[in-house]
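S.K.: The primary structure of each chain is shown beneath.
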Amino acid sequence: MKRRHKIVFIILTAASLGLAGFSYNRKSPTIIENAYGYAVTPIQSLNVRASEKLKSFINYFRGIASLNGENTRLKEELLETRAELNRLKLTESENLQLEAIVGIQQKYSNYPTTGARVIAKDPGNWFDSFIIDKGTNYGLKKNMVVMNEDGLVGKISECGYNYSKVISIIDDTDAVSAESLRTGDIGYVSADFTGEAKCRMQYSDTNADILEGDEIVTSHLSEVFPPGISIGHVISLDTDDKNDMQYAMVEPSVDFSKLKYVIVLSASFENELTENPDASEEQ
Amino acid sequence: MKYIIYTVISTLIFIFQTTLCQYIEIAGVIPNIMLLFIVSFAFFNGESEGLFIGVLMGLMHDSFFGHLIGVNIFLYGAVGYCVGCISLYSNKDNIAVPVILSFIATVLYDIGFYILNIVLKGYTSPNAYILINLLPELVYNTIAAFAVYAAVYTIGNRAVGHKF
Chain A
0 MKRRHKIVFI
10 ILTAASLGLA
20 GFSYNRKSPT
30 IIENAYGYAV
40 TPIQSLNVRA
50 SEKLKSFINY
60 FRGIASLNGE
70 NTRLKEELLE
80 TRAELNRLKL
90 TESENLQLEA
100 IVGIQQKYSN
110 YPTTGARVIA
120 KDPGNWFDSF
130 IIDKGTNYGL
140 KKNMVVMNED
150 GLVGKISECG
160 YNYSKVISII
170 DDTDAVSAES
180 LRTGDIGYVS
190 ADFTGEAKCR
200 MQYSDTNADI
210 LEGDEIVTSH
220 LSEVFPPGIS
230 IGHVISLDTD
240 DKNDMQYAMV
250 EPSVDFSKLK
260 YVIVLSASFE
270 NELTENPDAS
280 EEQ
Chain B
0 MKYIIYTVIS
10 TLIFIFQTTL
20 CQYIEIAGVI
30 PNIMLLFIVS
40 FAFFNGESEG
50 LFIGVLMGLM
60 HDSFFGHLIG
70 VNIFLYGAVG
80 YCVGCISLYS
90 NKDNIAVPVI
100 LSFIATVLYD
110 IGFYILNIVL
120 KGYTSPNAYI
130 LINLLPELVY
140 NTIAAFAVYA
150 AVYTIGNRAV
160 GHKF
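Chains A and B, in that order, give the protein sequences.
Residue numbering for the first sequence is 0 to 282, as defined by numbering that gives the first Met the number 0.
Residue numbering for the second sequence is 0 to 163, as defined by numbering that gives the first Met the number 0.
Certain hints may be false.
As the list claims (entries may be wrong) - List of simulated lysine-lysine pairs, DSSO-like, C-alpha gap at most 30 Å:
#1 A:257 <-> A:52
#2 B:120 <-> A:140
#3 A:141 <-> A:1
#4 B:91 <-> A:1
#5 B:1 <-> A:141
#6 A:5 <-> A:140
#7 A:74 <-> A:54
#8 A:5 <-> B:120
#9 A:52 <-> A:88
#10 A:140 <-> A:257
#11 A:5 <-> A:141
#12 A:1 <-> B:1
#13 B:120 <-> A:141
#14 A:257 <-> B:120
#15 A:5 <-> B:1
Since the hints were derived computationally from the structure, they do not count as laboratory data.
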């Protein structure tokens, strides 16, 4: 290797390491990134919108033949859904009455939400991080929870002016506090890179009753996430050879490769929970 | 001026990679056009331009999608520089060379990415994850390398003779 090549590589390595150190645990994007994002994200947004239009235009002609059958099917489904809705309304009113009797406050109030569109996805195949088209201009902040209709997607890791960077639970090595919906066993879910499923749930209690097929939701212990959001289903159980910890492989409920719209819960749960003495004691 | 044009071109490719490229996925993988562009570009323009484009694209990739800034800067920069150095000894009209270089670059980039982003986070046990991710991307990238090389070659020839 020539001397010049060595120098180039030393500088490159040093610069990368320096930047990595600088960017570790930073709170918000730098002004340069923000300006660049401000210029680039509208084009990305436009691109995605245009290709979606084109796709729906093609699908319009493709779908004509099957429309009739689909219509009857949907009508039937509507009837069923209406019946279900009535039943739920009854349950809700009953619930309200009972709550009034027992005197507890409503635990799962309606969170303020903001809809957002996914405008760019990770260039590589390793991770599923993505960019959404709203940022501090819509009052979004770091660590706000991102979900879609199927369940938990992740959280905002950085907020620019008109874009936000979302880190999904299948990339994030920060664990999400979770519990089994069936038994209430507590554990934590983090990303898994062994290839079986996307996430693993680790739990310390050796007597924990967790079985294949159990639904895993966020628990009330989490600092960032509100309780009760679906994370995924257990597909297999295993034991770590190194530290004898049991863990469950969890298949996320969200299909991360097909995300188009997400919902951001635009309230920060961090403050809420640290102010709440019960929750902090439990942690 | 030259570097402004490079920045604009890199931005366009970055936008393409993050938006429209998602629509040409096959079996869940997308080709890494950015990496392929760096290889083809460095192949034509030599190591210093390759390094510049590599670092620039790494910066874009990392600042928007990376968990830390620096991983892709290093990997893309190293790929651009190395390909630029190798290209000194090669005939620029031979399409086989950049395609083979793209193949090697994809392997090295993915292994580097795996080590820097996943192994260093504590997932040290050997597993099949890297193969599941690497092999389809490798095939797709190698095929896409022909198209990227042809595009860079044509545009490069039209614009300023042999260079961009």
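S.K.: Evaluate each hint against the coordinates.
M.R.: Tested hints:
no. : hint            : in the structure
1   : A:257 <-> A:52  : holds, 16 Å
2   : B:120 <-> A:140 : holds, 26 Å
3   : A:141 <-> A:1   : violated, 46 Å
4   : B:91 <-> A:1    : holds, 23 Å
5   : B:1 <-> A:141   : violated, 37 Å
6   : A:5 <-> A:140   : violated, 43 Å
7   : A:74 <-> A:54   : holds, 26 Å
8   : A:5 <-> B:120   : holds, 28 Å
9   : A:52 <-> A:88   : violated, 37 Å
10  : A:140 <-> A:257 : holds, 24 Å
11  : A:5 <-> A:141   : violated, 40 Å
12  : A:1 <-> B:1     : holds, 27 Å
13  : B:120 <-> A:141 : holds, 22 Å
14  : A:257 <-> B:120 : holds, 27 Å
15  : A:5 <-> B:1     : holds, 26 Å
When the structure is compared with the earlier hints, violations turn up for hints 3, 5, 6, 9 and 11 and for no others.
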